[in-house]
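Full structure from sequences and hints, please.
Just so you know, the protein sequences line up as chains A and B, in that order. Per the numbering used here: the first sequence = residues 1 to 252. Per the numbering used here: the second sequence = residues 253 to 847.
Just so you know, the hints here were simulated from the structure itself, not pulled from any lab data. Treat the hints with care, since some could be wrong.
[Claimed, not checked] Within a straight-line C-alpha distance of at most 25 Å, the following computed DMTMM-like cross-link-like pairs (lysine to aspartate or glutamate) qualify:
| no. | chain 1 | residue 1 | chain 2 | residue 2 |
| --- | --- | --- | --- | --- |
| 1 | B | Lys740 | B | Asp696 |
| 2 | B | Lys337 | A | Asp133 |
| 3 | B | Lys740 | B | Glu710 |
| 4 | B | Lys404 | B | Asp616 |
| 5 | A | Lys56 | B | Asp696 |
| 6 | A | Lys56 | B | Glu699 |
| 7 | A | Lys154 | B | Glu509 |
Nothing here was measured: the structure is a model prediction, and the numbers come from that model.
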Amino acid sequence: MANETDPKMVEVHVKRQEKPGAPSQWEVFRVKYRPNLNVIAVLQDLQIRPVTVEGKATTPPAWESACLEEVCGSCSMLINGKPRQACTALIDQLQQPIRLEPFSKFPVIRDLIVDRSRMFDHLKQVRAWIPVDGTYDLGQGPRYSQELALTRYKMSECMTCGCCLEACPQYGTHSPFIGPQAINQVRLFNTHPTGALNASERLESVMGEGGITDCGDAQNCVKVCPKKIPLTESIAEVSRATTLHAIKTLVG
Amino acid sequence: MAETHRLVVVGGGLAGLMTTIRACEAGMEVDLFSVVPVKRSHSVCAQGGINGAVNTKGEGDSPWEHFDDSVYGGDFLANQPPVLKMCEAAPGIIYLMDRLGVPFNRTGEGLMDFRRFGGTKHHRTAFAGASTGQQLLYALDEQVRRFEVEGKVRKFEGWEYLGAVKDGEGVCRGIVATHLVTMEVRVFRAGAVALATGGPGMLFGKSTNSVINTGSAAAISYLQGVKYANGEFIQVHPTAIPGEDKLRLMSESARGEGGRVWVMKEGKPWYFLEEMYPAYGNLVPRDIATRAIHKVVYDMGLGIDGNAVVYLDLSHIPAATLKKKLGAILDIYEKFMGDDPTKVPMKVFPAVHYSMGGLWVDYDQMTSTPGLFAVGEVDYSIHGANRLGANSLLSCIYAGMVAGPAMAKWCKGLKKHENEVPSSFFDGALKQQIDLVEKVKKMDGPENPFQLARELGEWMTRNVTVTRYNPKLQATDDKIQELQSRWKNCGISDRGNWANQSVHHTRQLYAMMQLARVVTLGALRRNESRGAHYKPDFPNRDDANFMKTTIAQYREGGVFGEPGFSYDPVDVSLIKPRPRKYDVDKGGTVAPTAH
Numbered sequence: 001m002a003n004e005t006d007p008k009m010v011e012v013h014v015k016r017q018e019k020p021g022a023p024s025q026w027e028v029f030r031v032k033y034r035p036n037l038n039v040i041a042v043l044q045d046l047q048i049r050p051v052t053v054e055g056k057a058t059t060p061p062a063w064e065s066a067c068l069e070e071v072c073g074s075c076s077m078l079i080n081g082k083p084r085q086a087c088t089a090l091i092d093q094l095q096q097p098i099r100l101e102p103f104s105k106f107p108v109i110r111d112l113i114v115d116r117s118r119m120f121d122h123l124k125q126v127r128a129w130i131p132v133d134g135t136y137d138l139g140q141g142p143r144y145s146q147e148l149a150l151t152r153y154k155m156s157e158c159m160t161c162g163c164c165l166e167a168c169p170q171y172g173t174h175s176p177f178i179g180p181q182a183i184n185q186v187r188l189f190n191t192h193p194t195g196a197l198n199a200s201e202r203l204e205s206v207m208g209e210g211g212i213t214d215c216g217d218a219q220n221c222v223k224v225c226p227k228k229i230p231l232t233e234s235i236a237e238v239s240r241a242t243t244l245h246a247i248k249t250l251v252g
Numbered sequence: 253m254a255e256t257h258r259l260v261v262v263g264g265g266l267a268g269l270m271t272t273i274r275a276c277e278a279g280m281e282v283d284l285f286s287v288v289p290v291k292r293s294h295s296v297c298a299q300g301g302i303n304g305a306v307n308t309k310g311e312g313d314s315p316w317e318h319f320d321d322s323v324y325g326g327d328f329l330a331n332q333p334p335v336l337k338m339c340e341a342a343p344g345i346i347y348l349m350d351r352l353g354v355p356f357n358r359t360g361e362g363l364m365d366f367r368r369f370g371g372t373k374h375h376r377t378a379f380a381g382a383s384t385g386q387q388l389l390y391a392l393d394e395q396v397r398r399f400e401v402e403g404k405v406r407k408f409e410g411w412e413y414l415g416a417v418k419d420g421e422g423v424c425r426g427i428v429a430t431h432l433v434t435m436e437v438r439v440f441r442a443g444a445v446a447l448a449t450g451g452p453g454m455l456f457g458k459s460t461n462s463v464i465n466t467g468s469a470a471a472i473s474y475l476q477g478v479k480y481a482n483g484e485f486i487q488v489h490p491t492a493i494p495g496e497d498k499l500r501l502m503s504e505s506a507r508g509e510g511g512r513v514w515v516m517k518e519g520k521p522w523y524f525l526e527e528m529y530p531a532y533g534n535l536v537p538r539d540i541a542t543r544a545i546h547k548v549v550y551d552m553g554l555g556i557d558g559n560a561v562v563y564l565d566l567s568h569i570p571a572a573t574l575k576k577k578l579g580a581i582l583d584i585y586e587k588f589m590g591d592d593p594t595k596v597p598m599k600v601f602p603a604v605h606y607s608m609g610g611l612w613v614d615y616d617q618m619t620s621t622p623g624l625f626a627v628g629e630v631d632y633s634i635h636g637a638n639r640l641g642a643n644s645l646l647s648c649i650y651a652g653m654v655a656g657p658a659m660a661k662w663c664k665g666l667k668k669h670e671n672e673v674p675s676s677f678f679d680g681a682l683k684q685q686i687d688l689v690e691k692v693k694k695m696d697g698p699e700n701p702f703q704l705a706r707e708l709g710e711w712m713t714r715n716v717t718v719t720r721y722n723p724k725l726q727a728t729d730d731k732i733q734e735l736q737s738r739w740k741n742c743g744i745s746d747r748g749n750w751a752n753q754s755v756h757h758t759r760q761l762y763a764m765m766q767l768a769r770v771v772t773l774g775a776l777r778r779n780e781s782r783g784a785h786y787k788p789d790f791p792n793r794d795d796a797n798f799m800k801t802t803i804a805q806y807r808e809g810g811v812f813g814e815p816g817f818s819y820d821p822v823d824v825s826l827i828k829p830r831p832r833k834y835d836v837d838k839g840g841t842v843a844p845t846a847h
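See the structure below:
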């Protein structure tokens, strides 16, 4: 969609914040349109010419990025209000002016950069790994079906980008809820033949405060996941498994 | 009991993570540094798979055959003993990654499936969809997180390497690093240090590399006197999607699964790789395919619609098969180009992809600075003049398996614990780095550092990639020196002391320009054609003069110093060099019975 005022230009509004706790304000920029432009390329142009539409020289907006092909999870931001990766946000498919904002569910570090370290802490909490005896040569791994490999692969594509958490009404700085990304990891490891050996530990890690029962079933997560991971399915599976585990523990 | 040594590992891709794991298993404790959360390292971009001669397809494959393919594919520039060891370790590495939970594609019997890749006739590549690198990295990331919970690993994510700290005997005893947000500069003591910082793709501006692949850590090491080897060997991948911000890889696995490359010629599709190289067809090694595409597009003018692109066609393969085996890369193409590759051919063009060269290391992965190790793409050791597809994930993991225990062993031989090294060495290194950062912060000239980086990338891509001519290489070196003098006149528009990306970039750019000269002058001096290094004026491989490892070492002098060059012999004791051709079968060599 071309800019109404000048089809040769792209207008982008960036929410700026110098540091944590500092006030935020919007700055408006215009860069030259080219076909196949994405939000990253627009931000790269601003590094070379950080000047607002009013002609005011400013600093280049700060943002995180690495792979630029949607496998690393770095460049998460709100683009026209939607949580997504900036690399796959193509200018031709965006309504202008384009609004870029940092995620709201994480502390802002600077401009579009937020602190998502909490997500990695949650991976520790749910013990998202296969507890192997060691990395020395112990021969082949367990056999399993291609069907299971495909199911696990889909879950394993999670790049800890945080889009699902940004969209989740239950998740936020004032809530202990660990969110869909970590719950999906419980299912990922509990479906592996070796991971299943300590499935109960992972289930118990999401049975307390901030665990699976905090999910409000808004189903926003699955709609925004850039990798189309069946997050609600994972939540339902883990929910069922925790219920069974609770009953077993009671009876046992 | 003596105090445990701490190790420093810089870089959290496959090589750094495996080094960390193996070091922990050897009883060490590790401080792991990375500019990004390690889960976001560039290893995620590797798509097609990991090689290992598991021989589950009844093809008579063997580690020796894998070794022969790799050495032949590398045009006999690699020292052979470590390549053989890697190929012998490969089946075990693949089994290990499967045990760690990597969701490899399976056969009907529930075994791992293998596909074909370039430069071999065997199904030797294990894969997890078409994001194998991502999946392997996640598996190691998870194991390191486990060690982190156990207190054996401390992660320093968001820290960037500024240099090694050496004691009075020139032994590496720690590092200086800076936090990218708080801008704090600090020293960290260590019994040994490993650099696992990846390749230098950003020297070329746009490439298939992540934007974090500046090569800055390797360049800093070179400036500190560490030997840099075979810098001129840069792999250009034949198939990438052209883009404004980067050139996105379109995996070789697309051809491994039957993809065909073509252009229109005289009104008909011309499958030029199949015609030029009947023995290997679309699965010739990358340097060969890239040169063929350049020839067809630039010399013959046959690019699609007159543009610098060719077709990579999967549309003859059933969509369901493609989705299962190549889903991730098909998604990338559709997301960025808007076309469905199961229905229409993809438009692709070669792009800078990988550096075969890197820091010189011995067979224990130690650089020329004692106590400083290098692993993965940042080391030069395995791939010779051209890397075979799906050997990079393997070489990263293998290097980590060697380095972890080697670093532990190195520490045992130290007479002094790192905490007993006089603090004057650390204070001096710290002050030097703080002064440098402060100097950059105060720069207020007219030049924009991001613009300089763009110019560097354009020159390097135009003149120091697929086809190299000496006058153009010389002109590029002159240009880099011009950029260096303009760098002194950079202005930093951001004066802040918090997450100042302009300061970080300007600092990195200094080191990148130095490394760009190593690459360019290395190419200028090598008057032959070998693997990825191709000079039309010197079209043949010249073993008598150039079957040698290029060694660049920094020499002070003038404002910026310059690289000095020397040449080491290559260990070809296991397979006798033979001419490398892909129009006919490469033939084999026989493993000595000792193996």
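Structure-based check of all given hints:
| no. | hint | verdict |
| --- | --- | --- |
| 1 | Lys740(B) x Asp696(B) | holds, 9 Å |
| 2 | Lys337(B) x Asp133(A) | holds, 24 Å |
| 3 | Lys740(B) x Glu710(B) | holds, 20 Å |
| 4 | Lys404(B) x Asp616(B) | holds, 23 Å |
| 5 | Lys56(A) x Asp696(B) | holds, 18 Å |
| 6 | Lys56(A) x Glu699(B) | holds, 18 Å |
| 7 | Lys154(A) x Glu509(B) | holds, 20 Å |
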